[in-house]
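Participant: What follows is each chain in one-letter form.
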Amino acid sequence: MSDPLPPALVDLRGVHRSFGDVAALTALDLQATEGAITVLLGPNGAGKTTAIRMITGALRPDAGTVRVFGMDPAVDGEAVRLRCGVVSAKPALYDRLSGWDNLRYSAELYGMGRHVDDRIASCATRFGIEGALDQQVGGFSTGMKTRLALTRSILHDPDLLLYDEPTSGLDPESAYAVLDLIRQMSSDGRTVIMCTHLLAEAEGLADRIIVLEDGTSVLAGTHEELARRYWPEAMVRIATEDPAAVEVLRGAPGVLGIGGDGVAEIRLDDPARVPDLVTALAASGARITRVEPHRPTLEDVYFAIRQERRTAPAPGAPPPPPGGGGPRAAEVVS
Amino acid sequence: MNRGRMWTVARTDLLQLFQARDFWIPMGALGAIFFLVIPVILLLSITSVGDIAAVQQLSDAVAILPASAQAKIPSVTSGGSEVSDAGRAAYALAVYLLAPVAVVVPLTISTAVGAATIVGERERGTGEFLAHSPADVTEIYVGKLIASIVPGYATALVGFGIYSLIVNLTVGPEVGGWFFPTEQWWLLMLLVVPPFVLLTLSLVLRLSARVKSTAAAQQASGLVTLPLIIVAYSQSTGALLDSPSVTVGIGLAAWALALFSLIVNIRSVTRARLLGVGDEQ
Chain A
1 MSDPLPPALV DLRGVHRSFG DVAALTALDL QATEGAITVL LGPNGAGKTT AIRMITGALR
61 PDAGTVRVFG MDPAVDGEAV RLRCGVVSAK PALYDRLSGW DNLRYSAELY GMGRHVDDRI
121 ASCATRFGIE GALDQQVGGF STGMKTRLAL TRSILHDPDL LLYDEPTSGL DPESAYAVLD
181 LIRQMSSDGR TVIMCTHLLA EAEGLADRII VLEDGTSVLA GTHEELARRY WPEAMVRIAT
241 EDPAAVEVLR GAPGVLGIGG DGVAEIRLDD PARVPDLVTA LAASGARITR VEPHRPTLED
301 VYFAIRQERR TAPAPGAPPP PPGGGGPRAA EVVS
Chain B
1 MNRGRMWTVA RTDLLQLFQA RDFWIPMGAL GAIFFLVIPV ILLLSITSVG DIAAVQQLSD
61 AVAILPASAQ AKIPSVTSGG SEVSDAGRAA YALAVYLLAP VAVVVPLTIS TAVGAATIVG
121 ERERGTGEFL AHSPADVTEI YVGKLIASIV PGYATALVGF GIYSLIVNLT VGPEVGGWFF
181 PTEQWWLLML LVVPPFVLLT LSLVLRLSAR VKSTAAAQQA SGLVTLPLII VAYSQSTGAL
241 LDSPSVTVGI GLAAWALALF SLIVNIRSVT RARLLGVGDE Q
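Each protein sequence line maps, in turn, to chains A and B.
Counting in the numbering used here, the final residue of the first sequence is number 334, and the numbers go up one at a time with none missing.
Counting in the numbering used here, the final residue of the second sequence is number 281, and the numbers go up one at a time with none missing.
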């Protein structure tokens, strides 16, 4: 399979990892390009956290290759980890220490020395927790702990940020703020890999999505590429006062089919034809009440993938997509 | 090995310990009981109260000490006056019979700290932070070893200082002046006790890295520590009762054993164990 992407900053190929009899990763392929936000999407137990642990070299693969910044973390672990900032699913903070001491500890482990208070203050200000650094972390709210963990992750100015469900346990407002901060860090040029099982979160953030299931990557691509795989044709929903009025569009140029119940779902060869359809309908005297181009959400895509996996005839055999034939824009990785 | 990172791990662990009153209050209490309360009661009951029964029992105990040890108990003060039976009994108690407290206190405290140190990281989730950090597992192990040894040994040294003061204040007037610490007590504290603490902790940290919970670590550590306390107790007593050269020999042998144990166990911390996902080198 050809790889149309630029060289990957993180490149996992055919990675296997088991814990006893339990296979956590099975032939995992995962690539993340520099400067992009790559979201690992999948249900609990899909292998997202184990994949993150492989990237930093915290765990080693039983088989397969892992390359990060062109290095093997199992060999050059220290060099790789010095360039990574990690926020794990639990914030992993020392409750008995103050915010300052948590950050100083990290700064020293990452070789920044002991005189880093200015750097700590500027990073903490970015995440809005500079006023709480004197307090013991045990008294922090979940949101503050997440912000502190995020602050810690960028303290040593890493090139690669690895976030494992960073909005877990946060209220919507805090979650939105955290996602916004992640977006900002990506715009600073950092590469971000984020695990989540929250589809709405991934939809607004991801440059590239990798769907994991049962320890392997089942599909990868941009949101649009994934959507095109399952809905290869453009679609528009048009409602008219008289539902039968849309029949005038059958046979019109670019119309591939008309379906729907009450609201017509019209499949097109090109979304640019929508104004022509509206003009044709209006010319026929139909009274149009609604025109809505249909863009499949990530949730639509995700459940299409899940359904496809459930109904797959045999492991490894790619089944026909639910949206019919057409181009395969997304990269099928297993 | 990056020593800076090793000290960072040690210093941060110690900082956390001293932020925890529920740790250092019992630690201080244990040291106070062994080095302050018990010696004060026993020595004052002999020297000031003149507890006849206690003096008689101690005199009987002194009689079964080796001749070399008995010979060191002064019978005449520097001023030429005879040392009383109470004075000789108090001297024997202070120098020979209370010696093992110097071993029990650091081993008990350090084991309590060490048992929780690695499994505790895993239980709190902070093992994940360490596993993803650039710190080498050897740096983490040694840092935590230092952080486990320091509270117990520091308590023992401070307690030893207080104990020395008490002994000199209570027994000194009976035997013609301040005499404590004796040469062999110095050897015991500086040469014999540290390797026993190191030996015990190197094993306890291995257990802490391997078990699934702090409670299990405490249980398992007890099994390891108890025989070591008995060995250390008997060796310390023997070291004090015999000549300084024997004390030095015991100390050197203990150091050799402790260093061997350290070399064997230094790789017992792995990133997989910090993450709590099983064994891996």
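Be aware that a few hints might be false.
[Said to hold, decoys possible] Cβ-Cβ distance ranges computed for the label pairs, FRET-style:
(1) 112(A) x 138(B): 14 to 24 angstroms
(2) 165(B) x 72(A): 31 to 41 angstroms
(3) 72(A) x 125(B): 22 to 32 angstroms
[Said to hold, decoys possible] With a straight-line cut-off of 25 angstroms between C-alpha atoms, the simulated SDA-like cross-links for lysine to any residue are:
(4) 90(A) x 16(B)
(5) 212(B) x 23(A)
(6) 90(A) x 14(B)
[What the hints assert, rightly or not] A few chain B residues that don't get close to chain A, going by computed Cβ distances all over 10 angstroms:
(7) 63
(8) 73
(9) 83
(10) 129
(11) 161
(12) 162
(13) 165
(14) 176
(15) 234
(16) 272
(17) 277
Calculated directly from the structure, the hints in this document are not laboratory data.
Ideal Cβ placement from N, Cα and C applies to all residues, glycine included.
Participant: With reference to the structure, classify each hint as holding or not holding.
Facilitator: Hint check results:
{"no.": "1", "hint": "112(A) x 138(B): 14 to 24 angstroms", "result": "holds, 21 angstroms"}
{"no.": "2", "hint": "165(B) x 72(A): 31 to 41 angstroms", "result": "violated, 59 angstroms"}
{"no.": "3", "hint": "72(A) x 125(B): 22 to 32 angstroms", "result": "holds, 27 angstroms"}
{"no.": "4", "hint": "90(A) x 16(B)", "result": "holds, 19 angstroms"}
{"no.": "5", "hint": "212(B) x 23(A)", "result": "holds, 21 angstroms"}
{"no.": "6", "hint": "90(A) x 14(B)", "result": "holds, 23 angstroms"}
{"no.": "7", "hint": "63", "result": "holds, 53 angstroms"}
{"no.": "8", "hint": "73", "result": "holds, 49 angstroms"}
{"no.": "9", "hint": "83", "result": "holds, 52 angstroms"}
{"no.": "10", "hint": "129", "result": "violated, 4 angstroms"}
{"no.": "11", "hint": "161", "result": "holds, 28 angstroms"}
{"no.": "12", "hint": "162", "result": "holds, 28 angstroms"}
{"no.": "13", "hint": "165", "result": "holds, 33 angstroms"}
{"no.": "14", "hint": "176", "result": "holds, 50 angstroms"}
{"no.": "15", "hint": "234", "result": "holds, 38 angstroms"}
{"no.": "16", "hint": "272", "result": "violated, 6 angstroms"}
{"no.": "17", "hint": "277", "result": "violated, 6 angstroms"}
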